[in-house]
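A.B. asks: With chain U held as given, fit chain V onto it using these hints.
Taken in order, these protein sequences are the chains called U and V.
The numbers in the working numbering rise by one with no breaks, and the one at position 567 of the first sequence is 567.
The numbers in the working numbering rise by one with no breaks, and the one at position 80 of the second sequence is 679.
Read the hints as simulated data drawn from the structure, not as lab findings.
There could be a bad hint or two in this list.
Incomplete in silico selection of chain U near chain V, CB under 8 Å [claimed, not checked]: (1) Thr190; (2) Leu264; (3) Pro278; (4) Gly345; (5) Ala366; (6) Met373; (7) Phe383; (8) Pro411; (9) Gly484; (10) Asp491; (11) Leu501.
Derived EDC-like pairs (lysine to aspartate or glutamate); straight-line CA-CA distance at most 20 Å [to be verified]: (12) Lys457/U - Glu678/V; (13) Lys805/V - Glu744/V; (14) Lys840/V - Asp728/V; (15) Lys832/V - Glu67/U; (16) Lys832/V - Asp819/V; (17) Lys586/U - Glu576/U; (18) Lys460/U - Glu678/V; (19) Lys496/U - Asp632/V; (20) Lys832/V - Asp491/U; (21) Lys832/V - Asp560/U; (22) Lys840/V - Glu774/V; (23) Lys685/V - Asp580/U; (24) Lys496/U - Glu843/V; (25) Lys685/V - Asp578/U; (26) Lys840/V - Asp676/V; (27) Lys535/U - Glu456/U; (28) Lys685/V - Glu579/U; (29) Lys805/V - Glu262/U; (30) Lys732/V - Asp775/V; (31) Lys732/V - Asp641/V; (32) Lys685/V - Asp714/V; (33) Lys496/U - Asp637/V; (34) Lys457/U - Asp491/U; (35) Lys496/U - Asp767/V; (36) Lys496/U - Asp626/V; (37) Lys460/U - Asp676/V; (38) Lys685/V - Glu576/U; (39) Lys457/U - Asp676/V; (40) Lys496/U - Asp819/V.
Values in this document were obtained by computation on a predicted structure and should not be read as measured data.
We put the CB at the ideal spot given by N, CA and C, even for glycine.
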Amino acid sequence: MNDSSAQSDGHDPGHGKMSIGRFVSTYVFSTDHKIIGLQFLFSTLLWFLVGGLLALGIRLQLAWPWEEMPIIGRMLFPTDGGQISPEFYTTLFTMHATVMIFFVIIPILAGAFGNFLIPLMIGADDMAFPTLNMLSYWFMWPAFILIGSSFFQAPYGAGAGWTSYPPLSSMVTAAPGSESAQTLWLMGVTLVGVSSMMGSVNYLTTIIQMRAPGLTMFRLPLTIWAMFITALLQAFALPVLTAGGFMQILDRELATGFFVPEGLVVNNSTAASGGGQPLLWQHLFWFYSHPAVYIMILPAMGMVSDIISCFSRKPIYGYKPMVYSISGIAGLGFIVWGHHMFISGMNPGLGMVFMTSTMLIALPSAVKVFNWMGTVWGGRVQFTTPMLFSLAFVSMFIIGGLSGIFMAATPVDIFIHDTYFIVAHFHYVLFAGTAMAVFGAIYFWFPKMFGRMMNEKWGKLHFFLTFIFLNGTFYLMHILGAAGFPRRLADPYHYKTFAHLQPMNQFITVCAIGMVVSQIIFAVNLFYSIFRGPKIGRNPWRANGLEWSAPSPPGHGNFDFQPIVYRGPYEYGSPEVDEDYYPQIKPPPEQTPAESSED
Amino acid sequence: MGRFWSLLFLLVPVLGVLVFVVAAAPDSRPLLDHWLPDNINDHGYIIDELFNFILYLTGVIFIITGVLLFYFLWRYDGERNPDPVKFTHGSQTLEIIWSVLPAITLLFIAIYQMDAWAAHKMRRPLLEDGNVKPALALVSARQFEWRISYAGEDQLVGTPDDVHVVNDLCVPVNEDIVLQVQSQDVLHSFFLPNLRIKQDLVPGMKQFSWFRPNRVGIYDLVCAELCGWGHYKMRGRLIVKSREDFDTWLSERAAEQRVTHPALDGGGGE
Numbered sequence: 001m002n003d004s005s006a007q008s009d010g011h012d013p014g015h016g017k018m019s020i021g022r023f024v025s026t027y028v029f030s031t032d033h034k035i036i037g038l039q040f041l042f043s044t045l046l047w048f049l050v051g052g053l054l055a056l057g058i059r060l061q062l063a064w065p066w067e068e069m070p071i072i073g074r075m076l077f078p079t080d081g082g083q084i085s086p087e088f089y090t091t092l093f094t095m096h097a098t099v100m101i102f103f104v105i106i107p108i109l110a111g112a113f114g115n116f117l118i119p120l121m122i123g124a125d126d127m128a129f130p131t132l133n134m135l136s137y138w139f140m141w142p143a144f145i146l147i148g149s150s151f152f153q154a155p156y157g158a159g160a161g162w163t164s165y166p167p168l169s170s171m172v173t174a175a176p177g178s179e180s181a182q183t184l185w186l187m188g189v190t191l192v193g194v195s196s197m198m199g200s201v202n203y204l205t206t207i208i209q210m211r212a213p214g215l216t217m218f219r220l221p222l223t224i225w226a227m228f229i230t231a232l233l234q235a236f237a238l239p240v241l242t243a244g245g246f247m248q249i250l251d252r253e254l255a256t257g258f259f260v261p262e263g264l265v266v267n268n269s270t271a272a273s274g275g276g277q278p279l280l281w282q283h284l285f286w287f288y289s290h291p292a293v294y295i296m297i298l299p300a301m302g303m304v305s306d307i308i309s310c311f312s313r314k315p316i317y318g319y320k321p322m323v324y325s326i327s328g329i330a331g332l333g334f335i336v337w338g339h340h341m342f343i344s345g346m347n348p349g350l351g352m353v354f355m356t357s358t359m360l361i362a363l364p365s366a367v368k369v370f371n372w373m374g375t376v377w378g379g380r381v382q383f384t385t386p387m388l389f390s391l392a393f394v395s396m397f398i399i400g401g402l403s404g405i406f407m408a409a410t411p412v413d414i415f416i417h418d419t420y421f422i423v424a425h426f427h428y429v430l431f432a433g434t435a436m437a438v439f440g441a442i443y444f445w446f447p448k449m450f451g452r453m454m455n456e457k458w459g460k461l462h463f464f465l466t467f468i469f470l471n472g473t474f475y476l477m478h479i480l481g482a483a484g485f486p487r488r489l490a491d492p493y494h495y496k497t498f499a500h501l502q503p504m505n506q507f508i509t510v511c512a513i514g515m516v517v518s519q520i521i522f523a524v525n526l527f528y529s530i531f532r533g534p535k536i537g538r539n540p541w542r543a544n545g546l547e548w549s550a551p552s553p554p555g556h557g558n559f560d561f562q563p564i565v566y567r568g569p570y571e572y573g574s575p576e577v578d579e580d581y582y583p584q585i586k587p588p589p590e591q592t593p594a595e596s597s598e599d
Numbered sequence: 600m601g602r603f604w605s606l607l608f609l610l611v612p613v614l615g616v617l618v619f620v621v622a623a624a625p626d627s628r629p630l631l632d633h634w635l636p637d638n639i640n641d642h643g644y645i646i647d648e649l650f651n652f653i654l655y656l657t658g659v660i661f662i663i664t665g666v667l668l669f670y671f672l673w674r675y676d677g678e679r680n681p682d683p684v685k686f687t688h689g690s691q692t693l694e695i696i697w698s699v700l701p702a703i704t705l706l707f708i709a710i711y712q713m714d715a716w717a718a719h720k721m722r723r724p725l726l727e728d729g730n731v732k733p734a735l736a737l738v739s740a741r742q743f744e745w746r747i748s749y750a751g752e753d754q755l756v757g758t759p760d761d762v763h764v765v766n767d768l769c770v771p772v773n774e775d776i777v778l779q780v781q782s783q784d785v786l787h788s789f790f791l792p793n794l795r796i797k798q799d800l801v802p803g804m805k806q807f808s809w810f811r812p813n814r815v816g817i818y819d820l821v822c823a824e825l826c827g828w829g830h831y832k833m834r835g836r837l838i839v840k841s842r843e844d845f846d847t848w849l850s851e852r853a854a855e856q857r858v859t860h861p862a863l864d865g866g867g868g869e
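Chain U with its partners taken away, still in its complex shape (with noise of 0.2 Å):
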């Protein structure tokens, strides 16, 4: 094979004398499951940046409703005075959770780790179908553009938040001034659909089939096993949406009526079908769109387990139960969806049923934390910056999991429910755990990526601001709750209930502002490292997984060996070596006496 050459070159082949040609089919249309996971990287940390844009846009709004905004307002909105209008803001909270949701979180665990990582971890040369997966990345593209340009759509865009619930999103007239901008967003999300499929049934196919020799599933990273469950989810889950989707392009466009009631008199024009129901869409959402909820954690949380595991020098606490858990938590995900609509006019006793399902699910949750703690007790703790991130998703993820029980209770959502309680729900599962396990992931696997480190100083500042600045930001919203405050209202303090609760929006506002400021430290670290970090060999950590056994960055092919697998990756502090890791490819020393011995 070519591997040596592959070596050499690594993936920057032919350097100065590149032709147009090779350059785009090197880095933009590559078949390399490396390159495709991190043009999903830039891509999604990209959108990233808009969501976080759009997320102070909407603090902004809640601290000094209907003020100028401060030096860009008169550029941005010239016609309202400097003002957030108030069908800009529902455009602002719906394209913050859209492009968080669709374009940074999904990608960016399944997109850009899950294709990065799974050849690498599982010792393959690439996915199973190199193609496809080529096409699963430019098929956000078009999702990019869609979404993108309902933006600009004028007056303003999409506002029908992200759950898109008709008739608001089904009747034209509900909201006047979207139009196109609506269609276009139901165009992009179900587009965006259709690329985690391809990439799903990839990753499925390439982890059954093309693990490496003696890499038995129970053998496999709880990275992996967290990838795999994903995508069956992905698989099973994703139609629905997609089918929801074109039913309401249809009935905005075509008058289908699928989720329109008969007879339905919107802002004085009447709906030109009916017969629908509109419950039917929150059904078929959230049938979709539960499962994403873990879709958007689960990987994290196989990521966590291996960053942990490695930086406390000793096994993962439970490796089966770990790998149940998952899987517990993918089945209970199915049966869970009426969670979300407690009191949307759902059959109540449905709701019954649904919240032992929902109590149910917080089992495996806590089976898995208890599993991190575990795994931290007796070890040896390295207080790395991937570490204290990875740290820092257990320690938020409680809060997240726990406040969860509290929603899954119908009597308690009665009152909670689209109050602020659940927007800190969801902020701390998703931001303070999610995002806090992808930038440790980031910070752990970045030398794979490139052959250099990252700055640790410069990453524990990174993470220390933005841990203090995030539990600012998240953790009063749930006083806020509490005290009844409604989502998505762009002026709630003219109810008197509400009016006082001002001031500690305003301290949220000013930490959010400060949490956004923070990742100019990540972002200036990432580009740095990326042509000026310190160079570094195949394995800087003294890790045990397979990718760690390849060069970095790893050549086209990944290995420049084969690699032969002999134990789980999690045997940190073996007894039968010297060294505290023992790398899954290591003979085992019956095998070899005469070199142990050596030593």
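C.D. replies: Just chain V, lined up with the frame of chain U:
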């Protein structure tokens, strides 16, 4: 640095609990009234009790796990820990204990909540003769206002003798109030924070909500489901009056309506 990071993680349970204690304490500054708003619904206390029950339960777990995480980081800091790594892959006994205990607790919480849920959403108040109590008024939500129609002399809502009011929902105190709630256009949500009442309104569905207010006063009626650009300003008022004041108020409204909209009085209006 291990000590510093361990202490940072200790701050999570310490400050976390402190914020809740300050917010929940009466007359606490600077977080005065940053807690569940006054409840004025006889059926609402149970929701506050269940909220507090879950708060205490999760609070205990939050403190234990947070402090343990801190202790493990402090004790097993690689720079200071003199002991070798405990080379273990887990314990089946522990796994069973920490699966079964939470499972029992969670199932208990679920079953414990069911009665309150049924009382709120499934057991509509009855008349003395055992029939379900008819609705006092029909609350119709539309972009962006609340249209309220009181049953006239025929005791039925949606009939020609209804009395129509916009945005002011007036009810008598210390009586079981049944309202028929509906949406005329998009989704809305009928949210009375002080009564712990929330019900999404779905066009095309016939829905009811009930409560028993126990204090006279004026309270907020909030739309809690996104209904368009004017969602934020879809404000109504819940006005709780004594029975006599309520009857006077209603007959005044009826008289007003006869003058301003004679067509609505027993005629062929909507």
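A.B. asks: Indicate, hint by hint, whether the structure satisfies it.
C.D. replies: Each hint, compared with the structure:
1. Thr190: It is violated, given that the least Cβ distance between Thr190/U and chain V is near 21 Å, above 8 Å.
2. Leu264: At about 6 Å, which falls below the 8 Å cut-off, the nearest Cβ of chain V leaves the hint on Leu264/U intact, so it holds.
3. Pro278: This interface hint holds because 5 Å falls under the 8 Å limit.
4. Gly345: This interface hint holds because 4 Å falls under the 8 Å limit.
5. Ala366: For Ala366/U, the interface hint holds, since the closest Cβ of chain V sits about 5 Å away, which is under 8 Å.
6. Met373: Because about 6 Å separates Met373/U from the closest Cβ in chain V, which is inside the 8 Å limit, the hint holds.
7. Phe383: holds (5 Å)
8. Pro411: Nearest chain V Cβ about 4 Å off; hint holds.
9. Gly484: holds (4 Å)
10. Asp491: holds (5 Å)
11. Leu501: holds (7 Å)
12. Lys457/U - Glu678/V: holds (17 Å)
13. Lys805/V - Glu744/V: The given pair, whose Cα atoms are some 19 Å apart, holds under the 20 Å limit.
14. Lys840/V - Asp728/V: violated (26 Å)
15. Lys832/V - Glu67/U: holds (17 Å)
16. Lys832/V - Asp819/V: holds (12 Å)
17. Lys586/U - Glu576/U: holds (12 Å)
18. Lys460/U - Glu678/V: Given pair Lys460/U, Glu678/V holds - Cα atoms ~17 Å apart, limit 20 Å.
19. Lys496/U - Asp632/V: holds (12 Å)
20. Lys832/V - Asp491/U: holds (8 Å)
21. Lys832/V - Asp560/U: violated (65 Å)
22. Lys840/V - Glu774/V: Distance ~11 Å between Lys840/V and Glu774/V Cα, so the pair holds.
23. Lys685/V - Asp580/U: Given pair Lys685/V, Asp580/U holds - Cα atoms ~12 Å apart, limit 20 Å.
24. Lys496/U - Glu843/V: Not satisfied, since the Cα-Cα distance of roughly 27 Å exceeds 20 Å.
25. Lys685/V - Asp578/U: holds (15 Å)
26. Lys840/V - Asp676/V: Roughly 64 Å between the alpha carbons, so the hint for Lys840/V and Asp676/V is violated.
27. Lys535/U - Glu456/U: At roughly 14 Å apart (the allowed maximum being 20 Å), Glu456/U and Lys535/U satisfy the hint.
28. Lys685/V - Glu579/U: Since the Cα atoms of Lys685/V and Glu579/U sit roughly 15 Å apart, the hinted pair holds (cutoff 20 Å).
29. Lys805/V - Glu262/U: holds (13 Å)
30. Lys732/V - Asp775/V: holds (9 Å)
31. Lys732/V - Asp641/V: This hinted pair holds, its Cα atoms lying about 17 Å apart.
32. Lys685/V - Asp714/V: violated (48 Å)
33. Lys496/U - Asp637/V: Roughly 13 Å between the alpha carbons, so the hint for Lys496/U and Asp637/V holds.
34. Lys457/U - Asp491/U: The given pair, whose Cα atoms are some 41 Å apart, is violated under the 20 Å limit.
35. Lys496/U - Asp767/V: It holds: about 15 Å lies between the C-alpha atoms, which stays within 20 Å.
36. Lys496/U - Asp626/V: Holds - the C-alpha atoms of Asp626/V and Lys496/U are around 18 Å apart, at most 20 Å.
37. Lys460/U - Asp676/V: Holds, at roughly 17 Å.
38. Lys685/V - Glu576/U: Distance of about 14 Å is within 20 Å: holds.
39. Lys457/U - Asp676/V: holds (18 Å)
40. Lys496/U - Asp819/V: Judged against 20 Å, a Cα distance of about 7 Å means the pair holds.
Hints 1, 14, 21, 24, 26, 32, 34 from the list above are not met by this structure, while the remaining hints are.
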